[in-house]
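Trainee: Residue numbers (the working numbering), protein chains in the order written: chain E, 692 to 1026; chain P, 14 to 590.
Since the hints were made in silico from the structure, they are not lab data. Beta carbons: idealized from backbone N, C-alpha and C, even for Gly. Hints may be right or wrong, so weigh each one.
[Stated by the list, open to error] Pairwise CB distance ranges, derived in the manner of DEER restraints:
(1) K763(E) <-> L397(P): 29 to 37 Å
(2) F981(E) <-> N217(P): 14 to 22 Å
(3) N922(E) <-> F513(P): 45 to 53 Å
(4) G718(E) <-> F483(P): 46 to 54 Å
(5) L41(P) <-> E823(E): 28 to 36 Å
(6) I40(P) <-> K763(E): 46 to 54 Å
[Said to hold, decoys possible] Below, in silico cross-link-like pairs of lysine to aspartate or glutamate (EDC-like), each with a Cα-Cα straight-line distance of 20 Å or less:
(7) K1006(E) <-> E957(E)
(8) K1001(E) <-> D945(E)
(9) K506(P) <-> D945(E)
(10) K121(P) <-> D256(P)
(11) K997(E) <-> D977(E)
(12) K198(P) <-> E315(P)
(13) K414(P) <-> E315(P)
(14) K763(E) <-> E491(P)
(15) K993(E) <-> E948(E)
(16) K415(P) <-> D704(E)
(17) K986(E) <-> E957(E)
(18) K701(E) <-> E719(E)
(19) K506(P) <-> D783(E)
(20) K867(E) <-> E849(E)
(21) K716(E) <-> D704(E)
(22) K820(E) <-> D486(P)
(23) K843(E) <-> E491(P)
(24) K414(P) <-> D704(E)
[To be verified] Reference excerpt, derived from the structure (chain P facing chain E, CB under 7 Å, subset only):
(25) T484
(26) A488
(27) A492
(28) G497
(29) T511
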Amino acid sequence: MIEFKQIEIKYGDFIAMSNLNLTIKEGEFFTLLGPSGCGKTTTLRSLVGFVTPSSGSILINGEVVNQVPVEKRGISMVFQSYALFPTMNVYDNIAYGLRVQKLGKKEINEKVLDIAKRVDLSMAQLQKKVSELSGGQQQRVAIARALVLQPKILVLDEPLSNLDAKLRHQLRQELKNLQRSFGITTIYVTHDQEEALTLSDRIAVFNNGSIEQVGTPKEIYHHSKTEFVCNFIGDINQIDKEGIKQINQCSSHDLDENKPGFIRLEKVLSVGDLEGQIPVPTKVVDAEFFGLFTKYTYRFGKNLVKNIEKDSHVKSFNVGDDVNLYLNPRHILQY
Amino acid sequence: MILSKKLNPPKEKLQTFSVKKINIPLILTVSLLCWFIFTFLVYPNINLLFETFWVDGAFSTAAFTRLLSSERAMRSLRNSFLLAFSMIVTTNILGVFCVLVTDYFQVKGAKWLRLAYMSPLAYSGIAFVGAFNFIYGSNGILTRLLVGAFPNFEPTWFTGFGGVLFITTFAGTTNHMIFLRNAIKGLDFQTIEAAKSMGATPWNILRKVVLPVLKPNLTAITVLVFLTGLSATSAPMIVGGQDFQTINPLIITFARNINTRDLAAALSLVLGLSTIIVLAISKKIEAGTNYLSVSKVKMVLEKQTIGNPIANIIIHILAYLLFAIYALPVIFILLFSFSDAYSISTGSLSWSRLSLDNYLMLFRQTGAFRPYLISIIYSGLAALIVVAIVLVVTRLLHRYKKRFILMEYLMMIPWFLPATLIAVALMVTYDRPSIFIGNQVLIGTQSLLLIAYVIVLIPFTLRMLKAAFFTVDDALEEASKSMGASNFRTFFKVVLPTIFPAIIAVSALNFNSQIADFDLTLMLFHPFTEPLGPVIMSATGEAAGIEARTMLLVYTVILMVISSIVLWLANGRVQRR
């Protein structure tokens, strides 16, 4: 188990992280999610030992590790840039940590070949220079190099951000499978909310050097505790105070008319046959065809409201059409 | 993201980490470096000021008064500045032309042209001057041909300001061939295509698009050229004659005599001050003139055709004329190095008189080969020592960032000071027992020259290795540590191999720059271990015998071979990495 207790991290006068309290369970796939500069990487680096907290404690399995040097913490890291050693070939990169541990040649060879097989690296690729590999292959080497040490904890700092979208999707799944099969406590840093939702057992959403919410992907998505989380996770519609007043007039709900409201796209429907739904008169202003679905934008008062229509063959609107949208005021979040 | 201090402070501090371990190896290393910097970079120069302005226990400007009243010294000062300013014009015109014809315009045989234009890299300094003197000097091949053809022709035509400027201009284009070529190669071709698509002519593109981008490089090169002119030594000494002597030869002359050493100190201070002023001005000019390409996908430069046929012919003629000027000394020296004394003294070549005798003599006679061996040992050792010292400093700078910034500034002191000033400062400081070097005297020891070589190589090595260090991704070190490696292992297994190509390249350039050094060597060499520079110098003099002149040719050829091999090995190694 990993515990961050009242961690504060300063760079000179600049406070990068304040009063961080977080517990990560053993074997968990835990994601630190947030926009650039929110403190998620700083948190990760403090766990690995590259950053020393100015106050507070970091505990691994009940032991305070603040003073334990990086090389003694037993945490393997996969870097955003992969940080593969350009002067070594793939085999030597993977074997590096094992050689540091002064293992025998035979054992090193067995372990390298075994991990290479598990991450799908061929014998020929093992002899190549790292610069001769594709981005996806380099990422596999970085993961193999980290996993071969059988660490207690694996940390990954935006390891998919340098890859194209298709490869990112493919490797995301492979990463999850590898984590499951190794059962290592994994901490993953990303700013990609989709990545966080699909990979994680739990997520901590960071903003401005502190945590906004910790929870499972479903909790975070459906029960966002703050406006920031609500806006940062998934696509969401914002309805201004006027719109809220209008909705209150058509329903028995008493939404706070002094605050804007937020509603997920999938909670806004063009068919109204569910209990509690109220009709909202809108006009179609834009339609984006994505193949699998169409994303419509409607004007509702001064608001632009979006929804997704999955079956575009069954129903399609044209720009300028008047459409009644249906929503349940219960799904409107206010902060 | 901007975070304010308003963020909630922790309720209680569970642990604070103010206790720091004492790092004894670090303290020892830093102490040693501080001793080295103070003893050899700071103290001698402060002492030089003290010795110049503090005479018999009181402040004195006597040295400067003597200097001002010396017509010879004043003339040398004027000549140095005249040469430096003239070189700015001539060297830049020649250098830019050379780079354009080899790397920007489509000129036939560009590879051969480049080879010739880069030849000064293989035999810089005294050897280069000696080679040009062999062709154009009063006893030179060309001069003798001209005197033969026109009996009234003045054999000393190449002596004086014109000859010095000619040689220093051709020697000074090496900076253009290295730095300006790189800058041209780094141009984004799409900017040229964009200008073309907007209807710009090739001449307009060159003036408005290409040259402005090269301005920062040209400014930096101009400063180097100016400083080279200001501290020129071998060219004025060999071809300057009575009428055109500059500061540095005079400093060397004054420094040799104990009665005029104060004059040498005063002159070298003037030279040092001028250098500092020039560098300060250039720093001011350089600020804000760096252009960064904003191109997402940079395209490699394609050579430009010269559309105007007349311009094309003129440029080809000029390019090959320069080829001849650069290549002739190399070719003649190579050919005559295989010739006998008769051919060399008469300037006539004959197949029947070509042999390996001169080279055999060099290797058979210990005395003949000895200067080479001494120079190789001195420059090799200096290259090794300076890399070792600078590696430690750059590691400290890289690791502890601003904590060692003062150390970096102090290490750059030799950058601002001419070599002769450094030599004079060492001479006047360590000509008596000094507590900083264990009450030893350095004057008259073999180590003084080695120390001076190391000192002058520090700034270049520091700049290059610092740049190399900062290109190493921090994540590589972190990755190594996260896999359990110690700092020591991380440095030797990850960092050092990554910057190894830069270390090799810098060492090679350092070795080459010192192997035939002249300025420092002439002032500080030990009579029992005479290196190559002074030997070449004495072989180029009017009074030099035919045997000495023959050996000069052999020395120059072997110097070219050694320098070329070192550069090739360094380059090959870098490319392989």
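Trainee: Sort out which numbered hints this structure fails and list those numbers smallest first.
Mentor: 2, 4, 5, 6, 8, 9, 10, 13, 18, 21, 25
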